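Q: Based on the provided sequences and hints, a complete structural model is requested.
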Amino acid sequence: GEQVEQRPPHLSVREGDSAIIICTYTDSATAYFSWYKQEAGAGLQLLMSVLSNVDRKEEQGLTVLLNKKDKRLSLNLTAAHPGDSAVYFCAVRASSGSWQLIFGSGTQLTVMP
Amino acid sequence: DPKIIQKPKYLVAVTGSEKILICEQYLGHNAMYWYRQSAKKPLEFMFSYSYQKLMDNQTASSRFQPQSSKKNHLDLQITALKPDDSATYFCASSQQGARNERLFFGHGTKLSVL
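If you read the protein sequences in the order shown, they are chains A and B. Take any residue in the first sequence, count from 1 to its spot, add 5: that is its number in the working numbering. Take any residue in the second sequence, count from 1 to its spot, add 120: that is its number in the working numbering.
Check each hint, because a few of them may be wrong.
Stated by the list, open to error - Below 30 Å or equal to it, Euclidean Cα-Cα: the simulated BS3-like pairs (lysine-lysine) are:
#	chain 1	residue 1	chain 2	residue 2
1	B	Lys139	B	Lys191
2	A	Lys74	B	Lys191
3	B	Lys160	B	Lys202
4	B	Lys129	B	Lys160
5	B	Lys139	B	Lys123
6	B	Lys190	A	Lys73
7	A	Lys42	B	Lys123
8	B	Lys129	A	Lys76
9	A	Lys42	B	Lys129
10	B	Lys127	A	Lys42
11	A	Lys42	A	Lys62
12	B	Lys129	B	Lys230
13	B	Lys160	A	Lys76
14	A	Lys62	B	Lys123
15	B	Lys202	B	Lys230
16	B	Lys173	B	Lys191
17	B	Lys190	A	Lys62
18	A	Lys62	A	Lys73
19	B	Lys160	B	Lys123
20	B	Lys173	B	Lys123
21	B	Lys160	B	Lys190
22	B	Lys173	B	Lys127
23	B	Lys173	B	Lys230
24	B	Lys230	B	Lys123
25	B	Lys127	A	Lys73
26	A	Lys42	A	Lys74
27	B	Lys190	B	Lys123
28	B	Lys161	B	Lys202
29	A	Lys73	B	Lys161
30	A	Lys62	A	Lys74
31	A	Lys42	B	Lys160
32	B	Lys129	B	Lys139
33	B	Lys139	A	Lys42
34	B	Lys191	B	Lys129
35	B	Lys191	A	Lys42
36	A	Lys74	B	Lys161
37	B	Lys202	B	Lys127
38	B	Lys230	B	Lys127
39	B	Lys139	B	Lys160
These are computed hints drawn from the structure, not numbers from a lab. Note that the structure is predicted; figures quoted are calculated from it, not measured.
A: Rendered as structure tokens:
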């Protein structure tokens with residue numbers, strides 16, 4: 006079955022710096038890719054999602070890159086600010102078979118003022 | 121104003137007991153899900169329902185039983201609780217249950233089994 010690896014588990018950056026989180030997956034049939042943010046004591050909030058026919062998507066200071074050849078998905082937060090401090094998860098889903106979203110293990114991002 | 125309501129927010133149970141985790145969504149969605157987040161594992165998919173019918177079950181234990189009394193409800197009954205069941209359980213929903221749909225998550229029920 007699908008395996009998703011996420012790194013790094015912890016990331017600290019200074020305010021204004023960029024932060025990059027990477028996920029790799031194993032199933033080439035993966036068709037749906039997403040990033041979620043979880044703030045302390047809260048549920049998961051969808052940040053962005055892309056389908057497999059998209060290589061790059063930018064929205065509000067976030068950039069998602071999809072490299073299907075390397076089976077790698079990345080999230081880049083440009084000019085991070087303290088409010089971005091949270092746990093970030095990638096989540097993917099195959100184009101057939103189980104409906105489940107497979108989540109990465111999460112990255113605890115801390116943005117220092 | 122949360123559109124997916126999970127009750128209770130915190131739950132303490134003794135080993136061997138039974139509990140029901142409540143989930144109601146007011147987004148008009150037709151698909152609902154349960155996920156579990158424990159300290160040692162990433163978020164794990166448990167169940168998905170669409171139009172009150174089970175679509176997918178990735179939970180090995182029959183101690184976990186979803187219950188859908190209404191279209192916008194998907195409760196989770198857990199019997200014979202074990203300490204390893206301690207986790208935060210998240211309910212989610214989406215419009216139709218299609219593969220590229222956005223999932224909306226509740227705030228979770230944190231279950232501690234003593």
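Q: It remains to establish, for every hint, whether it holds in the given structure.
A: Status of the hints after comparison with the structure:
At roughly 21 Å between alpha-carbon atoms, Lys139 of chain B and Lys191 of chain B fall within 30 Å of each other, so this suggested pair holds. In summary, the hint linking Lys74 of chain A to Lys191 of chain B is not supported, as the alpha carbons are separated by about 41 Å, beyond the 30 Å threshold. At roughly 16 Å between alpha-carbon atoms, Lys160 of chain B and Lys202 of chain B fall within 30 Å of each other, so this suggested pair holds. Distance restraint check for Lys129 of chain B and Lys160 of chain B: the Cα-Cα separation of roughly 20 Å lies within the 30 Å cut-off, and the hinted pair is therefore satisfied.
A threshold of 30 Å between alpha carbons decides the hint, and for Lys139 of chain B with Lys123 of chain B the separation of about 23 Å falls inside it, so the pair holds. Distance hint between Lys190 of chain B and Lys73 of chain A is unfulfilled; the C-alpha atoms sit about 40 Å from each other, more than 30 Å. A hinted pair counts as satisfied when its Cα atoms are at most 30 Å apart, and Lys42 of chain A with Lys123 of chain B qualifies at roughly 18 Å. The suggested pairing of Lys129 of chain B with Lys76 of chain A is violated, with an alpha-carbon distance near 37 Å, which exceeds 30 Å.
For the hint pairing Lys42 of chain A with Lys129 of chain B, the CA-to-CA distance comes to about 19 Å; that is within 30 Å, so the pair holds. At most 30 Å may separate the alpha-carbon atoms for a hinted pair to count; Lys127 of chain B and Lys42 of chain A meet this at roughly 22 Å. Note on Lys42 of chain A and Lys62 of chain A: the hinted pairing holds, with a Cα-Cα distance of about 17 Å set against a maximum of 30 Å. Annotation: proposed proximity of Lys129 of chain B to Lys230 of chain B holds, straight-line Cα distance about 6 Å (limit 30 Å).
Our distance criterion of 30 Å between C-alpha atoms is met by Lys160 of chain B and Lys76 of chain A, whose separation comes to about 25 Å. A C-alpha spacing of about 27 Å is found between Lys62 of chain A and Lys123 of chain B, which places the hinted pair at or below 30 Å, so the restraint holds. For a cut-off of 30 Å, the pair hint linking Lys202 of chain B to Lys230 of chain B stands: about 14 Å separates their Cα positions. Proposed proximity of Lys173 of chain B and Lys191 of chain B is supported: the alpha carbons are some 10 Å apart, at most 30 Å.
Taking the CA atoms of Lys190 of chain B and Lys62 of chain A, the gap is near 38 Å; set against the 30 Å cutoff, the hint is violated. Between Lys62 of chain A and Lys73 of chain A the alpha-carbon distance is near 14 Å, which keeps this suggested pair within the 30 Å criterion. Taking the CA atoms of Lys160 of chain B and Lys123 of chain B, the gap is about 29 Å. The hint holds against a cut of 30 Å. For the hint linking Lys173 of chain B to Lys123 of chain B, the alpha-carbon distance of about 21 Å falls within 30 Å, and the restraint holds.
A hinted pair counts as satisfied when its Cα atoms are at most 30 Å apart, and Lys160 of chain B with Lys190 of chain B does not qualify at roughly 33 Å. Between the alpha carbons of Lys173 of chain B and Lys127 of chain B the distance comes to roughly 22 Å, so the proposed pair stays at or under 30 Å and holds. Taking the CA atoms of Lys173 of chain B and Lys230 of chain B, the gap is near 26 Å; set against the 30 Å cutoff, the hint holds. Proposed proximity of Lys230 of chain B and Lys123 of chain B is supported: the alpha carbons are some 19 Å apart, at most 30 Å.
Of the pairs offered as hints, the one joining Lys127 of chain B and Lys73 of chain A is violated, with about 40 Å between alpha carbons and a cut-off of 30 Å exceeded. Restraint check: the Cα-Cα separation between Lys42 of chain A and Lys74 of chain A comes to about 26 Å, which is no more than 30 Å; the hinted pair holds. The hinted pair formed by Lys190 of chain B and Lys123 of chain B meets the criterion: a straight-line CA distance of about 16 Å does not exceed 30 Å. With a CA separation close to 17 Å, the supplied pair Lys161 of chain B and Lys202 of chain B stays within the 30 Å bound.
For the suggested pair Lys73 of chain A and Lys161 of chain B, the alpha carbons sit about 26 Å apart, so the restraint of at most 30 Å is met. Note on Lys62 of chain A and Lys74 of chain A: the hinted pairing holds, with a Cα-Cα distance of about 17 Å set against a maximum of 30 Å. For the hint linking Lys42 of chain A to Lys160 of chain B, the alpha-carbon distance of about 19 Å falls within 30 Å, and the restraint holds. Simply put, Lys129 of chain B and Lys139 of chain B have alpha-carbon atoms about 13 Å apart, close enough for the 30 Å limit, and the pair holds.
Our distance criterion of 30 Å between C-alpha atoms is met by Lys139 of chain B and Lys42 of chain A, whose separation comes to about 29 Å. Pair hint Lys191 of chain B plus Lys129 of chain B holds up; C-alpha atoms about 22 Å apart against a cutoff of 30 Å. Of the supplied pair hints, the one linking Lys191 of chain B and Lys42 of chain A holds, its CA atoms being roughly 27 Å apart against a limit of 30 Å. At roughly 28 Å between alpha-carbon atoms, Lys74 of chain A and Lys161 of chain B fall within 30 Å of each other, so this suggested pair holds.
Distance hint between Lys202 of chain B and Lys127 of chain B is fulfilled; the C-alpha atoms sit about 20 Å from each other, no more than 30 Å. Simply put, Lys230 of chain B and Lys127 of chain B have alpha-carbon atoms about 10 Å apart, close enough for the 30 Å limit, and the pair holds. For the hint linking Lys139 of chain B to Lys160 of chain B, the alpha-carbon distance of about 22 Å falls within 30 Å, and the restraint holds.
Of the numbered hints given earlier, the model fails hints 2, 6, 8, 17, 21, 25; all others are met.
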